[in-house]
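**Q** The sequence shown begins at 116 in this note's numbering and counts up one residue at a time.
Hints are computed from structural coordinates only; laboratory data are not their basis. These figures come from a predicted structure and were not determined experimentally. Just so you know, not all the hints are guaranteed correct.
Okay, derived cross-link-like pairs now, DSS-like style, lysine-lysine, Cα gap no bigger than 30 Å in a straight line [as the list claims (entries may be wrong)]: (1) K147 with K202; (2) K156 with K241; (3) K152 with K199; (4) K226 with K152; (5) K241 with K226; (6) K156 with K202; (7) K152 with K217; (8) K202 with K226; (9) K221 with K202; (10) K199 with K156.
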Amino acid sequence: MKRNKKLLIVCCLAGSILTLAAASSQAPDPPKYTNLKVLPKNISSHDLQSIMADDFEDGLGVSCGFCHANASDGHGLDFASDAKPEKEISRTMMRMTLDLNKRWLKNKHPKIGDAALVVQCTTCHKGQPFPDGTEPR
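Build the full structure now, drawing on both the sequences and the hints.
**A** Dropping the structure here:
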């Protein structure tokens, strides 16, 4: 009887340890981004940051606030908001870039941020917010 109790206790402890180990080894849930209309809904944080920093910030020479509106509480940016027209313009430009690469350059499965793209933000913008160097009227 004592042996069975010891065996039961050992099994319960082992099961608890295995359950805790499995729970702690699971990957955290990926971030849930809202209002993505061109980029994939399941984009990784790494890929999103790469696109924003490498393609937009470097290609246009701008920071996040160029396209993203200020948060209503006055702290930081509201990344989901469509309040600034620049955000929709950037979506249009992403679609145009994808279409150019797919239709004319025969890149059949282009993705924003993909090194295989031939036409990129910097192709026309060359580090400037407006391709010809002047702001629109």
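**Q** Run every hint past the structure and note whether it holds.
**A** Taking the hints in turn, this is what the structure says about them:
no.	hint	in the structure
1	K147 with K202	holds, 19 Å
2	K156 with K241	holds, 28 Å
3	K152 with K199	holds, 15 Å
4	K226 with K152	holds, 14 Å
5	K241 with K226	holds, 20 Å
6	K156 with K202	holds, 17 Å
7	K152 with K217	holds, 19 Å
8	K202 with K226	holds, 18 Å
9	K221 with K202	holds, 27 Å
10	K199 with K156	holds, 21 Å
Figure legend: structure checked against the earlier numbered hints; every hint is met.
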